[in-house]
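Generate coordinates for the entire structure from the input sequences, incorporating the hints supplied.
Read off the chains here:
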Amino acid sequence: MAHAHKLEIFRGLVKFKSNTQKIWGVLIFLSIVTAIEVVLGIYKPEVLMTSVLGMKGLNWIFIILTIVKAYYITWDFMHMRDEKASLRRMVVWTAVFLICYLIFILLQEGGYVFDVYNAEDALIKRDF
Amino acid sequence: MDSTVASTGTEGKTWGGGNRPLGASYGKMMMWFFIVSDALTFSGFLAAYGFSRFKFIKEWPIADEVFTHVPFLHGQELPMIYVAFMTFILIMSSVTMVLAVDAGHHMNKAKVTLYMFLTIIGGAIFVGSQAWEWATFIQGDYGAVQTKGGNILQFGEYVTEDGEEVFKRVAVSDFVVAIPDARVAHERKNGLWFAEEGTLPNYTINEVYQGLEANSNLLVRSQIINEEGEKTVLTRAESLKQIKENGKLVVEGANLQVNEYGTSLFADFFFFITGFHGFHVLSGVIINIIIFFNVILGTYERRGSYEMVEKVGLYWHFVDLVWVFVFTFFYLV
Chain A
419 MAHAHKLEIF
429 RGLVKFKSNT
439 QKIWGVLIFL
449 SIVTAIEVVL
459 GIYKPEVLMT
469 SVLGMKGLNW
479 IFIILTIVKA
489 YYITWDFMHM
499 RDEKASLRRM
509 VVWTAVFLIC
519 YLIFILLQEG
529 GYVFDVYNAE
539 DALIKRDF
Chain B
10 MDSTVASTGT
20 EGKTWGGGNR
30 PLGASYGKMM
40 MWFFIVSDAL
50 TFSGFLAAYG
60 FSRFKFIKEW
70 PIADEVFTHV
80 PFLHGQELPM
90 IYVAFMTFIL
100 IMSSVTMVLA
110 VDAGHHMNKA
120 KVTLYMFLTI
130 IGGAIFVGSQ
140 AWEWATFIQG
150 DYGAVQTKGG
160 NILQFGEYVT
170 EDGEEVFKRV
180 AVSDFVVAIP
190 DARVAHERKN
200 GLWFAEEGTL
210 PNYTINEVYQ
220 GLEANSNLLV
230 RSQIINEEGE
240 KTVLTRAESL
250 KQIKENGKLV
260 VEGANLQVNE
270 YGTSLFADFF
280 FFITGFHGFH
290 VLSGVIINII
300 IFFNVILGTY
310 ERRGSYEMVE
320 KVGLYWHFVD
330 LVWVFVFTFF
340 YLV
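Line order of the protein sequences matches chains A and B. So the mapping is simple: the working numbering equals the position in the first sequence, first residue as 1, plus 418. So the mapping is simple: the working numbering equals the position in the second sequence, first residue as 1, plus 9.
Please keep in mind that the hints were generated in silico from the structure rather than gathered at the bench. Given the structure is predicted, the values throughout are model-derived calculations rather than measurements. Some clues are possibly wrong.
As a list, the in silico SDA-like pairs of lysine to any residue whose alpha-carbon atoms are at most 25 Å apart [said to hold, decoys possible]: (1) A:Lys462 to B:Thr169; (2) B:Lys37 to A:Tyr489; (3) A:Lys462 to B:Gly59; (4) B:Lys320 to A:Ser436; (5) B:Lys37 to A:Ser504; (6) A:Lys462 to B:Lys120; (7) A:Lys462 to B:Glu86; (8) B:Lys320 to A:Leu505; (9) A:Lys474 to B:Glu74; (10) B:Lys157 to A:Tyr535; (11) A:Lys462 to B:Glu142; (12) A:Lys435 to B:Ala119; (13) B:Lys37 to A:Val514; (14) B:Lys37 to A:Lys474; (15) B:Lys37 to A:Lys462; (16) A:Lys424 to B:Tyr35; (17) A:Lys502 to B:Ser34; (18) B:Lys157 to B:Gly84; (19) A:Lys474 to B:Pro88; (20) B:Lys240 to A:Ala540; (21) B:Lys37 to A:Ile485; (22) B:Lys250 to A:Lys424; (23) A:Lys474 to B:Lys250; (24) B:Lys240 to A:Glu538; (25) B:Lys120 to A:Glu538; (26) B:Lys67 to A:Leu476; (27) A:Lys435 to B:Asn117; (28) B:Lys177 to B:Ser248; (29) A:Lys502 to B:Lys250; (30) B:Lys177 to A:Tyr461; (31) B:Lys67 to A:Ile523; (32) A:Lys462 to B:Phe285.
For each label pair, taking beta carbons as the anchor points, the in silico distance ranges come out as [claimed, not checked]: (33) A:Ile521 to B:Glu173: 37 to 43 Å; (34) A:Asp539 to B:Leu291: 46 to 52 Å; (35) A:Ile446 to B:Ile295: 39 to 45 Å; (36) B:Asn117 to A:Glu426: 32 to 38 Å; (37) A:Leu525 to B:Phe81: 38 to 44 Å; (38) B:Leu306 to A:Phe515: 38 to 44 Å; (39) A:Val514 to B:Ala144: 35 to 41 Å.
We put the beta carbon where it would ideally sit given N, CA and C, even for glycine.
In structure tokens, the structure reads:
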């Protein structure tokens, strides 16, 4: 795959002339996303603090932006875009499936332990 | 010869060997396998962090109050700025790495050398920053009191800032009253020779209590997060009562046993996950240095391919990728 780089990002919306140019373009994009995260993290707008699907809206935004960043690091810096679909799927879906499973189990269990600790009739006292 | 070489009849077929089923070389594919397994390790750690956090969701430390320091700007509260800088450094070194890979494709030895060098510098700056971050975290800033139940009580006062009443933290060392009869640390030479004791805290609970009693503006803040997303501040009477009845240990800074910022699990996970990541960065820098010297010596020039740079690059980008997640889950969410 040495010399055949796909040079477009955002589904072809932006097309670069060379691989080097694409790298700088992706850097600018990643920096903007990080800057947005930092600004949101410092100011914490009141509107985004409401709960959406059991978590603060702001936290959802952070997680989504993180996955966006992860996508561009993998696809453009690690050249996943230029690999064969079979290799891409093998790596990505294995990780995505197992990680989702892990997160679901552990967070579910964490929430359950929280309920046990904090229920009306909880036997564990944490008031001191 | 014919009699010693077994003919399997699969030559030239799919499983006969010699072809590259996923269009990637052996080395690169193995690097991808390693990355997948390492990604699962890190997700295991981060999910365990999530587990503990969900377990103590009402009392977890607020990251913005913990990581507020920036080097050379002492005493200013600047949450996030320094970590954002570290993130940028790591992304930047990822860029120089990918530029080195690109130069390798064009067999441009001078450029590969330059970009590899810059990548190593970026990695070194990141590891150094992380060391500083750890040192600041271990040092602590305000100090707190740990209760018998292992909860953390912090101190502060209400001050009016820009017409708004805000709760400002006050350091323990600023209000304690020194009491001369404080206990001396036990040593083997002057007591039971078979018993040992670690360093005693700088202050005793009694000294803190006397100080708290003498300053009527001081209040205690508990770990519990209220509906506004802030830690609950106790009333004056309750503050005195809690310290007197339940205070057990004065804690300054953080280590694997105690943590002045809140739940001790927070410090444990912080040390473990950022430490494990920092170790990855360190080994990445070392591998980069080895490859850097190979580039200078012309090993890849002679080999006719800079694929080794590409493989180490994959590892380096992966380290950056992990940091993106650590950044989100430790500092943002």
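- prompt: What hint numbers does the structure not satisfy?
  reply: Failing hints, ascending: 6, 14, 15, 18, 22, 23, 25, 29, 32, 35, 36.
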